[in-house]
Amino acid sequence: MTVNGQSPTPALEVQGVSHRYGARLALDAVSLAVAPASFTLLLGLNGAGKSTLFSLITRLYATRVGRISIYGHDIGREPAAALGQLGVVFQSRALDVDISVEQNLVYHAALHGIGRRQALVRARAALARVDLEDRLHERVAKLSGGQMRRVEIARALLHEPRLLLLDEPTVGLDVKARASILKHVRGLLTQERIGVLWATHLIDEAAPGDDVVILHRGRVLANGPIDAIVAQNGEKDLAGVFAKLAQDPSSDEAGAAQ
Amino acid sequence: MSAPDAYVWRDLTLRQHFICLKGIIWREGLRFVHQRERFVSALVRPLVWLFIFAAGFRQVLGVSIIPPYETYVLYDVYITPGLMAMIQLFNGMQSSLTMVYDRETGGMRTLLVSPFPRWFLLSSKLLAGTCVSILQVYAYLAIAYFWDIEAPPIGYVAIVPALMLSGLMLGALGMLISSLIKQLENFSGVMNFVIFPMFFASSALYPLWRVKESSPLLYYVCELNPFTHATELIRFAFYGKVAGGSLLVVLACTVVFLAGAIIAYDPARGFLARRGARAPGA
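Protein chains in written order, with the numbering used here: chain D, 1 to 258; chain F, 1 to 282.
In case anyone wonders, no lab produced these hints; they're calculated from the structure. It is possible that part of the hints are untrue.
[Claimed, not checked] Here are a few chain F residues that sit away from chain D, every Cβ distance over 10 Å (derived from the structure):
| id | residue |
| --- | --- |
| 1 | C20 |
| 2 | I24 |
| 3 | W26 |
| 4 | L43 |
| 5 | I65 |
| 6 | D76 |
| 7 | G107 |
| 8 | Y138 |
| 9 | Y145 |
| 10 | P153 |
| 11 | S188 |
| 12 | G245 |
| 13 | L248 |
[As the list claims (entries may be wrong)] Which residues of chain F face chain D? A partial, calculated answer using Cβ under 8 Å:
| id | residue |
| --- | --- |
| 14 | I19 |
| 15 | V113 |
| 16 | I154 |
[Unchecked claim] To be clear about the criterion: a stretch of chain D counts as covered by chain F if any three or more of its residues have a C-beta under 8 Å from a C-beta of chain F, and this derived list gives those stretches:
| id | region |
| --- | --- |
| 17 | 57 to 63 |
| 18 | 67 to 81 |
| 19 | 88 to 96 |
| 20 | 202 to 214 |
Since the structure is predicted, the reported quantities are computational estimates derived from the model, not experimental observations. Each residue gets a CB set at the ideal place from its N, CA and C atoms; glycine is no exception.
Chain F with its partners taken away, still in its complex shape (with noise of 0.2 Å):
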């Protein structure tokens, strides 16, 4: 092991770590910056809920007083945290979607080649696209703002833990899904069998006592739907209270799905490599 040529590995260090951190989300920010098409879409589906969904069930839809809210409020100031919770759902699903059928590309395959632990690198990753998630949703509360939805001061504060851990939460299991179903190759099929299901069966467009007047069955469905939480935990965080039941679900997901997504993920041991992948080149 003494060989005049020997090289002494030195362990890469905590301030090492940070700077692949930083680097990997500055990087991340650069692209959506210069992105201008993503940016702009990205915005305009939710304000598209938000100007024309929401203004025709205004009349149809009254929401009573139900925490976290005080008085009556409005339809479109009641969505209004289900579709910050959308901005990260389809933002996670859609760079979930490209982290892994893009395995092959240059970029992803430079970023594997790194010497950092792969459970870091793909952690670091799924952060880095909820930090874009979170600017998406600022953008669109500025908005909204003008449009009369208001949440007192703390509450644009408050909203950034949970809209970090949802983020997380829906990054992973983007990750996960699109690592073990071959089937959703694109995000079409990403969208009808994840995303809209997700969406609608949750307490994002009308509170769950409704749903269950209706069916008790689908209020079982939603309050079992993670996403139902991740809107929840960021409805009570943007009046400055703590949801502590869907903080804890959402916790236990995220620790979950972030789990199954590196092993899911990791060629050594993942499904890809088992299922066949492609072989390069051939």
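One chain only, chain D, in its complex shape (with noise of 0.2 Å):
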């Protein structure tokens, strides 16, 4: 997609699509980028369509009408080539309780082609990146919901994805397990170069320096950097501009909707 490498093709790039659960329009031409080595932020309310477009974008449901491509490699074309550098944290558990850290890890690396040496390996230094080398023989139901969260995160960075997608990872945690969940993403970014999409509606997970997507009522409402975003709303800061957007006149359910 490049001309002459002036623009590197992004990690993620949705370009106008939608989505119906029958006539109910979840995603209306939503189109975004998610750059490498960059921190994307899908902000919206509970329904805004957030887990809709996750679903398209991990191929649960067909897209339809519009196109994603990851790395440049469209995921219903050349799913193989796109699936292969995405890495995802879904909303529910996606560990088994039952078994060890290590055994829901090297199953995980094998759904990868990874063989179980190799998946060893990467799966200390996963750990490590998020301060749980010392669990890897633990059963998964004694970690805490913050530890769990972080394991997920080794799980989905095993086979060394380049983009990283989140889907509200925070939600059921306590402070203290946010904020070192958000440390560690944060630090992908520097130490790895990947690109990572964080959907969420809490405000404050968001940086000076981030990227943001405002998605309302499956609408793209604002998209680019927070700076940018604040300026041209003319707000002093996210909050005032989300709680300016997510204002819908022609409703009065917006304001129920949290």
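Assembling the complex is the task here: the two chains are given apart, and the hints tell you how they should meet.
Okay, here's the thing in structure tokens:
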């Protein structure tokens, strides 16, 4: 997609994607891009369409309108090349609680064609990155909610993806665990140069320098670096912008949606 | 395409496919070992049939000499292959139902987001479930052995390919019907409308020539029932023989059900998406 190397291929590119559940339009011509080595916050209330977008990017549903590509590989036409570079932390737990962290990680490595020996090497490294190297042999059920999330992040990184999606990864965690997960994921940007798309409804998870996509009722209302969005809307901070944009005068549900 | 960041995707090798398949089977086995209740209930069901039902019917039903048996057999010997198939029927339906209705949970989604082709992942998952059902069958046979149900040693080896095939067929059938029929959302629905009719209208509990004497129509229904052929395939294999006709039927059904299940399950083309799956997070 690059003409002369000036703009690198985006880690994730979503172009004009719409999706319906029966009569309800869940996504309406959504376009966004995540650059390599960038942190993009996908901000929206519950029901904004974040999970639907994740379901399309991860191919749970087929993309019928629009196009999604990962590092230039269309997920419909070249699924293996696209999914091979994608790591995902789903909202619902993907770990088996009855078996150990190590057994979980070896299984997930196998899903990417990585054999046992190499899986163990990578599992140790991935756990070290999230400060859990001493929990390799622990049963998952014995971990706290925050630790499980960190293991999920380690799991999603085992095959060394270059794009990481996280769907509301801090839901149900206390303040300390939230901060630690954010810190670990932000650390990945600088160390591994991977692109991160972080879906959330919590505005305070944004940091200066992040890119933000505000999704509301299936439509992208704002998209770009935080400073630019704040300036464009004449507000003093992101919270102000979000409150202004997510207020939908044509309906009474906007306030109640929280 | 030759951007500085460009990344060359290498196709997954045959060895990697094997690693993936092995990983899926290994994990299914681990789960099975760690869920003792599941193991016990899978074992109790056929034993109830063997110890209570078969013991009661022993005097009522005499089974005459029909292949593969070379002598008169007791009723509990007769129904053992049917009970092996029943173990697989329950196991296949249960795990397939989980695969379909837990599609939106993390476990299934991490499987589907793997770069291997969908058909390969789903077939591997069915194969893994089949391996677990074979372990259950052997546990049952070990107990039955002390109940004087013995087969020639070769039978204990020969049933492996038969069970592999019948387990795959039943698992694929389960996945196909739970993907197609929305009403079969819970296990009791599947039990009433799939498991019981298939089990009773088959050669599992009574030889078909006896059924023919009482109702020719029912006889034809039983003959058309793939479960009958799974049972017969296992029955003959247990005595080191090959039921040729049943083998062909089970093979053909496995191919058809598996292809149908993969198409029906695949969200890209499948019926699940078309009939309007639940909106996630809404």
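Results of checking the hints against the structure:
Taking the minimum C-beta to C-beta distance to chain D, about 5 Å, the non-interface status of C20 (chain F) is violated against the 10 Å cut. Taking the minimum C-beta to C-beta distance to chain D, about 7 Å, the non-interface status of I24 (chain F) is violated against the 10 Å cut. Once the 10 Å rule is applied to beta carbons, W26 (chain F) is inconsistent with being away from chain D; the minimum gap is 7 Å. Every CB of chain D is more than 10 Å from the CB of L43 (chain F) (nearest about 19 Å), matching its label as outside the interface.
Distance check for I65 (chain F) against chain D: the nearest CB is about 48 Å away, which clears 10 Å, and the non-interface claim stands. The Cβ of D76 (chain F) lies farther than 10 Å from every Cβ of chain D, with a closest approach of about 35 Å, so its non-interface assignment holds. With a minimum CB-CB distance of about 6 Å to chain D, G107 (chain F) fails to clear the 10 Å threshold, and the non-interface call is violated. Every C-beta of chain D lies more than 10 Å from that of Y138 (chain F), the closest at about 22 Å, which supports listing it as non-interface.
Distance to chain D confirms Y145 (chain F) as a non-interface residue, since its nearest Cβ pair spans about 30 Å, more than 10 Å. Distance to chain D confirms P153 (chain F) as a non-interface residue, since its nearest Cβ pair spans about 34 Å, more than 10 Å. The claim that S188 (chain F) is not at the interface with chain D holds, since no C-beta of that chain comes within 10 Å of its own (minimum 25 Å). For G245 (chain F), the shortest C-beta to C-beta distance to chain D comes to about 38 Å, beyond the 10 Å cut-off, and the non-interface label holds.
The Cβ of L248 (chain F) sits about 34 Å from the closest Cβ of chain D, beyond the 10 Å cut-off, so the non-interface label holds. Because the smallest distance between the Cβ of I19 (chain F) and any Cβ of chain D comes to about 5 Å, under 8 Å, the interface hint for this residue holds. With a least beta-carbon distance of about 5 Å to chain D, the hint placing V113 (chain F) at the interface is held under the 8 Å criterion. Taking 8 Å as the C-beta contact cut-off toward chain D, the hint placing I154 (chain F) at the interface is violated, the least distance being around 34 Å.
Using a Cβ-Cβ cut-off of 8 Å, 5 residues of the region 57 to 63 of chain D lie near chain F, which meets the minimum of three, so the contact claim holds. Residue count for the region 67 to 81 of chain D with a Cβ under 8 Å from a Cβ of chain F: 8. That meets the three needed, and the coverage hint holds. Restraint check on the region 88 to 96 of chain D versus chain F: 8 residues with Cβ-Cβ distances below 8 Å, three needed, restraint holds. With 0 residues having a Cβ less than 8 Å from any Cβ of chain F, the region 202 to 214 of chain D misses the three-residue criterion, and the hint is violated.
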